[in-house]
Amino acid sequence: MDAQRFEALADAHGGLIARWPAEAQDAAYDWLARAPEEAQAVLTDALALDEALSVLRPPQPSAGLRDRVLAAAPRARSGWSLGRLLAGAGVGAALAAASVAGVMIGTLVGGAPVTASDEAVMAALADEDWIVLPETESQS
1 MDAQRFEALA DAHGGLIARW PAEAQDAAYD WLARAPEEAQ AVLTDALALD
51 EALSVLRPPQ PSAGLRDRVL AAAPRARSGW SLGRLLAGAG VGAALAAASV
101 AGVMIGTLVG GAPVTASDEA VMAALADEDW IVLPETESQS
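The sequence shown runs 1 to 140 under my numbering.
Be aware that a few hints might be false.
The calculated label-pair distances, taken between Cβ atoms and stated as ranges, are [claimed, not checked]:
(1) 54 to 91: 54 to 62 Å
(2) 12 to 70: 35 to 43 Å
(3) 56 to 21: 22 to 30 Å
(4) 51 to 25: 18 to 26 Å
(5) 50 to 5: 46 to 54 Å
(6) 68 to 8: 24 to 32 Å
(7) 22 to 59: 18 to 26 Å
(8) 30 to 59: 35 to 43 Å
(9) 94 to 71: 13 to 21 Å
(10) 58 to 16: 55 to 63 Å
(11) 98 to 64: 52 to 60 Å
(12) 58 to 36: 34 to 42 Å
Think of the hints as simulated: they come from the structure by calculation, not from any bench. Where a beta carbon is used, it is the ideal one built from N, C-alpha and C, also for glycine.
I would like the entire structure built from these sequences, with the hints used as guidance.
Structure representation (structure tokens):
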């Protein structure tokens with residue numbers, strides 16, 4: 001650490017090295033041991049500034065300013081609104097319609113009669129060794 005870095009840290013973090021970032025403290029104590037007069041002068045100035053700043057209090061806003069800010073602030077909205085209610089109803093209606101459509105399609109398709117040729121096709125797809133022969137009318 002050099003004098004410039006030590007002074008920059010004192011300006012930024014104050015006159016107590018213990019309040020400085022942990023990674024800079026060891027180097028700061030080393031600098032204090034190597035150049036005690038220069039380092040102590042920097043720390044003394046920083047402590048004086050710390051003390052001067054500690055007595056300052058931020059100004060309080062006037063009652064008129066506070067009232068104007070509160071009047072200009074947007075009002076809190078209630079949890080329920082017509083838009084939210086309709087959006088929820090729309091989602092519910094869409095789910096209900098999808099359910100009804102699924103039941104209707106299942107009823108229409110699932111109720112189709114299975115023919116002998118359908119069974120043969122399904123068996124052929126399931127078993128490679130199956131030979132599909134066309135149905136012939138028996139000649140009796």
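Supplied distance hint 22 to 30 Å, evaluated on CB atoms of residue 56 and residue 21: Holds - the Cβ-Cβ distance for residue 56 and residue 21, about 24 Å, lies within 22 to 30 Å.
Residue 71 and residue 94 - C-beta distance against the hinted 13 to 21 Å: violated (42 Å)
Assessment of proposed distance window 34 to 42 Å (beta carbons of residue 58, residue 36): Cβ of residue 58 to Cβ of residue 36: about 37 Å, so the range 34 to 42 Å holds.
C-beta pair residue 68, residue 8: status relative to the range 24 to 32 Å that was hinted: violated (41 Å)
Consistency of beta-carbon spacing, residue 5 to residue 50, with hint 46 to 54 Å: violated (19 Å)
55 to 63 Å as the expected CB spacing between residue 16 and residue 58, which holds or is violated: violated (23 Å)
Outcome of range test on Cβ distance (residue 54, residue 91; 54 to 62 Å): This hint holds: roughly 57 Å between Cβ atoms.
Pairwise beta carbon distance, residue 22 to residue 59, judged against the given window 18 to 26 Å: violated (34 Å)
Pairwise beta carbon distance, residue 51 to residue 25, judged against the given window 18 to 26 Å: With Cβ atoms ~21 Å apart, the hint holds.
Range agreement (Cβ of residue 59 with Cβ of residue 30, hint 35 to 43 Å): holds (42 Å)
Outcome for the supplied range 52 to 60 Å, where the beta carbon pair is residue 98 and residue 64: holds (58 Å)
Whether the CB-CB distance between residue 12 and residue 70 falls inside 35 to 43 Å: About 36 Å separates the Cβ atoms of residue 12 and residue 70, which means 35 to 43 Å holds.
Hint violations for this structure: numbers 5, 6, 7, 9, 10, all remaining hints satisfied.
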